[in-house]
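So the chains spell out like this:
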Amino acid sequence: MPFVYNFPFFSIFICMISGIVTPLLKNGRWAYRLSLFASGAGVLLSGVLLGRIGPANESFSFMMGHFPAPWGNELSVGPLEAVLATAVCLVMMMALLGGSRDIFEDVLPEKQKLYFIMMDEILAALLALTYTNDIFTAYVFIEISTIAACAIVMAKDASATLVATMRYLIMSLLGSGLVLIGIVLLYCITGHLLFPSLQQWVLELVATGQYTIPLTVVVGLIVLGLGIKSAMFPFHLWLPPAHGSATTASSSVLSGLVVKGYIILMIRLFYKVFTIEVIRELRVTNMIFLFGLAGMIIGSIGAMKEGHIKRMLAYSSVAQLGYVFMGIGLGTDIGIMAACFQILVHACTKPMLFSCASALSAGRHHNKKLHALRGAAYENKLAGIGFTVGALSMIGIPLFAGFAAKVFFASATMAQPVKMWMTLLTLALSTVLNALYYIPAVTVLWSRPAEGETGEKQPVHPAFAVSTVVFIAAVFFLGICYEPVVTLIQNGLALL
Amino acid sequence: MEHLLINHYETAAVILFGIGFLNLLLQNNLVKKVIGVGIMDSSVYLFLASQGYIEGRLAPILVGEVANAADYINPIPAGLVLTGIVVSVSVTAFSLALIQRLYQKYKTVNFDEIVQLARQKGDE
Amino acid sequence: MFKSIVLLLPILLPLIGGLVVFRMRDAKARRIAVSACVLCTLVSAVGVSFLPDLSLRIWDLGGSIAIYLRLDAMGRFFLCLVSGIWTLVAFFAYEYMQHEGREERFFGFYTMTLGILMGLGLAGNLLTLYMFYEMMTLITVPLVIHNGSREAVAAGFKYLGYSTFGAGLALIGFFFLNRYCSTTEFSAGGTLDFSLAAGNENLLFAVWLLMMIGFGCKAGMMPLQSWLPTAHPVAPAPASAVLSGIITKAGVLAIIRVTFYLFGADFLRGSWAQTTLLCLALATVFAGSMLAYKEKVFKKRLAYSTVSQVSYVLFGLFLLNSVGFTGALLQVVFHALVKNLLFLAAGAVIYKTGKTDVRELVGIGKQMPIVIWCFAFGALSLIGIPPTAGFVSKWYLAQGGIADYGILGIVGAAILLVSALLTAGYLLPVVTRGFFPGRDFDYANLEKKEPSGYMTVPLVILAALAVLLGIFPGGLIEWISGISAVLF
Amino acid sequence: MPVWMLCLPVLFPILAGAVMLARPIEDRKKRQIYVAGAVIVNAVLALTVLIWTPDGVLTLLRFSDTMQIALQIDGAGRVFGILVSLLWPLTTFYSFEYMKHEGRENKFFGFFTMTFGVIEGVAFADNFLTLYLFYELLTLATLPLVMHSMDGRARYAGKKYLIYSLSGAAFAFIAMIFLLTYGSTLDFTFGGVLDPSRASGHETLLQTVFVLGFFGFGVKAAIFPFHGWLPDASVAPTPVSALLHAVAVVKAGVFAVIRLTYYGFGCDFLRGSWAQTVVMTAAVVTIVYGSAMALRTPHLKRRLAYSTVSNLSYILFSVTLMTPAGLVGGLSHMVFHAVIKITLFFCAGAIIYKTHREYVYQLDDFGRAMPVTMAAFTIASLGLMGIPPLAGFVSKWGIATAAVETGMPLAYAGVAALIVSALLTALYLMAVVLRAYFPAKGFDPASVKEVEDPNRLMTVPLLVLSAASVLLGLCASPLIAVFEQIAAGLL
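Residue numbers (this note's numbering), protein chains in the order written: chain L, 1 to 496; chain A, 1 to 124; chain G, 1 to 488; chain C, 1 to 491.
Hints are not guaranteed to be accurate.
[Stated by the list, open to error] Simulated pairs of lysine to any residue, SDA-like, Cα-Cα distance not exceeding 20 Å:
#1 K121/A - R448/L
#2 K159/C - P440/L
#3 K160/C - H308/L
#4 K457/L - A372/L
#5 K381/L - R448/L
Calculated directly from the structure, the hints in this document are not laboratory data.
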């Protein structure tokens, strides 16, 4: 077995370890550096891995502690996982950089170390969800990420955040409870926990027609559970307060990564356990599709009504997740490819928007009401540009990442006449709606402020500058040179 | 009916799960919500354990030479239950901590009241 | 070719002259200038019409369209008629316009209009005709709204709207003709390309109908006649005189050009479109007289009378035979003379007494005998009492009608007769009560209000012509038959 | 000439404008020199490129084999490009004077210059993706110009403009996706890119999509019922209304429709289909509707805007005839209307600039007060009414003859609509002219005593343009010949 095959495990392990050793560190600063190191290492390892298996287009499964199935616990790695893992680590790192300033302002000094522990755990959990080949491990990491996520929301000790966290927690527990019972039922009817053997049995059951109803129930429970946790319409209500009130880095990580983790898991389950054909058989995709469309619209409308810039962005996340679910709901390889691409796009765009938004509000003593931000872009040009780029990408202007995603979604629907029109029209509508809250926001930011409302000029914070620049680069990269990424995703899906 | 009686473990588990679920959803008192979660989880573990146990098999603890593998019950469900319990414990701990913070702030554990108070305080 | 540059003369002279006149504030100088312009134009027009047929391609607009002048018999006829009457009216206007003010503006447009009319007469193809036709509309609107009162402006817009719409209908026809004619240059007997036209007859008839209604708008034919009674009364007397004496004839000219020089009489004869148009013309004749009869405002009455009289012309034309054609052109001449005469007389009355209502004109004949005598002759001629001019034309029209068109023709003749009676009914009372005010009229405070020579001379000339041409129509008829010879 | 030259006229002004936004120039003189320099240089660049066209395609960005950002100049693009490059400098000079009383000139000229580049991009676009890109950018670049004054009405207008344009673009996007799926390529190909093997069996679907796309791009061309933004957008400073909302933006919409119809779906595919009926009907309705509304609107600029609505549909109607002759008529009216309408707007602007009078009924006796302005206005009006031999007539002639040749009843209806609208045009324009030259009774001349013509920066463009509108009419034939070649697919 080539050494590089260990990297997935290493990347998870490093995060874990750094989380564990963090309490020993002197103060939050060091913890921050350690987490940066961890995520950086993650980027490095997954990058190397990607470089190795991407071109070769191979996939392998890695036995933890070299116990063979069914006792052992496996990771399975392919191009798709590698791409996602790299993206996750990169985004995590950038989110930390972009939000660092606010973290040290918002979080009490004695709590800062703990905050970074949570960040490390989240990264570990996300990587695990991306790599794992064992359904119960998946569950465990779901729970870990749940707790950690709630923790980073409440890290900013404000009344709003606490309430939001409570909501978030309740919904997540609900979700993970459903997932758990689903998993257990699945185990009961198959007697396995590893994806490959599960798939084998599921197919057999389907073939022989036994346990059809339990199987349906299982799929339903798992989809529902994961849906709740990833804010699928109509279970999205917890997201805006949570993402809107948390500290910057948390918001970035939450809407950029955490929600995506569950979706990634869902996709992998669909492919590696239930197989997409069965899912289509069970009509689950149609449900997801409809929820996705609804989410696209409802989210945008919510965002239009929002005067608080971060909550607006949170609502827009709901809409963007709607795109993803819509793609999954198409139930075709190309549709899911589009969904994965959209995951990447949103993961690169939304954190940037969040960090830019709070950087802009910094000059106005952290007042995040839109009307208070008139002309803020002139005080922090980089943030203004970053926000503008993000907005344009979300609207889907050509050259920006969002446009490519839109194109994929649109061309993915061509095969299915019925879904085609629904998708196309909803796409059109939601594009307009997106524009309707992003463009005014941008104009407000760039319009000359009246006398007296101007804030002090902001010094450009290096960490923030780095992250913004990287994100902008990523947005354009995905918008223009998306072809290699897409091929990777397609190969990856094929190999799942 | 027959089935229910035969698989009384499962039946009980399902009933418990229902109770827990409803508690989690409907209770206004946060502590009771958490208790609901607890019930829910443990019902799942009961279910799992009952699945794992097979009449007339040995526990998979090896002393001396290995007997025929078919004589042992599958250890995995037990393992799962243990893991699950750990998870639920941590979750419960976390939630209780959160509730405590809220109580310190608002002097109540009734979620609706808390939300109201938070509204009055206004955002940020 | 070079010789044909002369065709521009009657067009450009008044146009440029008009522009000059705009700047002339001094009344005397202006009169001289205007007279010079108008007379020169008259001379050049008459002179031109002694030349042989000429043609001048001014500008090629690409495609099949060009601005193209051509002198032919019809053109000569129109040129002489217009320029002659225009001159007379100009002289009348000198005095009349004094109480209207903004004279330089009036005379500027007045003179320019003459140029446009010359161009209309010389237009050698449909595009040029249309161009001058539109220009005529635009440039005569100022004459209508001259006094700037609210109703004048309203009337001006009504005039503009109707005319543009009419022209538009004509333009539609233009597009179709451009497709179905070998060329849109006028040539006697029509240029219709029968290989294309075959199978599309009804389309073409419809097109013709449209164009007739369109151009008929200027000639006050139903259903687009209603601008005329609105616009004429509000305009200053000289303006209304030329409007109903000449401008309506511009519509007639256009109709002649399209009907006889593009479609060709033979193609149209006996079509349903022809019947429709004949009926429209007759209806207009009758309705016009009726309305005139009921109308009390003097100039409005005359305007209605125009509506009716010009439709005599149209009736004659739509008969599509040479007799009718002759009658029509005679009617053109006579009506041009007479209607100018009448309007000018009315103008004189208004100018001197300020009375606009017929019922006020009791004893007017005692105050301004010359004017009313002229008016009387005009009236007689318009009614068509031998030996005055009107009789001759009506005679031809009736003949033309009865000759080819059994019932319709007879009905037509009958209607012409009835309307003649109505004409008598609405014109003669003015004369009679003018001269015989009755017993209770106090002759005590009766003072002569005869206008100056500027006004009377043109009136007398016109009256004389109206009578003389009635007595000796021979020359005129010859000329006209010369025109119609090539058409039938 | 090297092919990379193509990107200069597109990128240079965008950069120049961006620089200006980033580093505002406070001194007016310097700014004017800078802007004038940039615009003239770019106009020259553009014209050189347009006249000595380098053959070959310049691919700026390559997404994938089917999707690229690429520039190339073909006949239609050349017409549009030249039109814009000629009108832009004139407008720039005009706005130097005009914008003095609007303020925030850096912002204005920054975006104004950028828009120049974007428009050139629309003209040079080689495929639908590029067209779509610049189409979207056009919306974004012109939005600040519309909202320039930033007061309530301007904001409202801007928002409306945004909604309309973006929804239009969204529909156009759908059309593009279908061309991507059912077409052999996205590159413009005269006669259409549909791949018969793929398209066969989906005719109805594709025609539906064409209708979507037509209305999508038609939004910018203000086709009924998506015309609402244009009259409201006339709150923008006059140079914007003149150049963007009479020429650049709206014509970009028309241009896009031409691309979609003749170079995307292809006439042969559409001719005689129900789709054609639908779009043609829409155009016919708009023709009449626009003029009628113009007649009802007392606000001068709004009136002109409505007149634009109507005239744009002349072009669309002609385009939807889907015959070469139709394309010729459309292109010629595209050019002529541009020249005429920009003149009219400049006059309106001059009046507002000097007197702040915006309503038709305030213009009594302006013929004497502002002779040059009103003279230009009159000439332009005659041109728009279509009095031969002025420009308006030639194009109307072209359109109508094309319509008659098709022999479709609907086309005849269109001709009738043209006539009606001509009548209305006469009324709503003459109303202004007559009032200006023949003040109503009891009007006191004192009220316009100190009104006078604006200075050269404004009058010279006016005179140039009105002269142009006459000359274009007289010397139309060579131009028409070029259009005919384009319509024949030769250029």
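We went through each hint and held it up to the structure:
Between the alpha carbons of K121/A and R448/L the distance comes to roughly 32 Å, so the proposed pair goes past 20 Å and is violated. For the proposed pair K159/C and P440/L, the alpha carbon gap of about 8 Å is at most 20 Å, so the pair holds. Distance hint between K160/C and H308/L is unfulfilled; the C-alpha atoms sit about 23 Å from each other, more than 20 Å. In summary, the hint linking K457/L to A372/L is supported, as the alpha carbons are separated by about 15 Å, within the 20 Å threshold.
Our distance criterion of 20 Å between C-alpha atoms is met by K381/L and R448/L, whose separation comes to about 13 Å.
Checked against the numbered hints given earlier, the structure breaks hints 1, 3 and satisfies all the rest.
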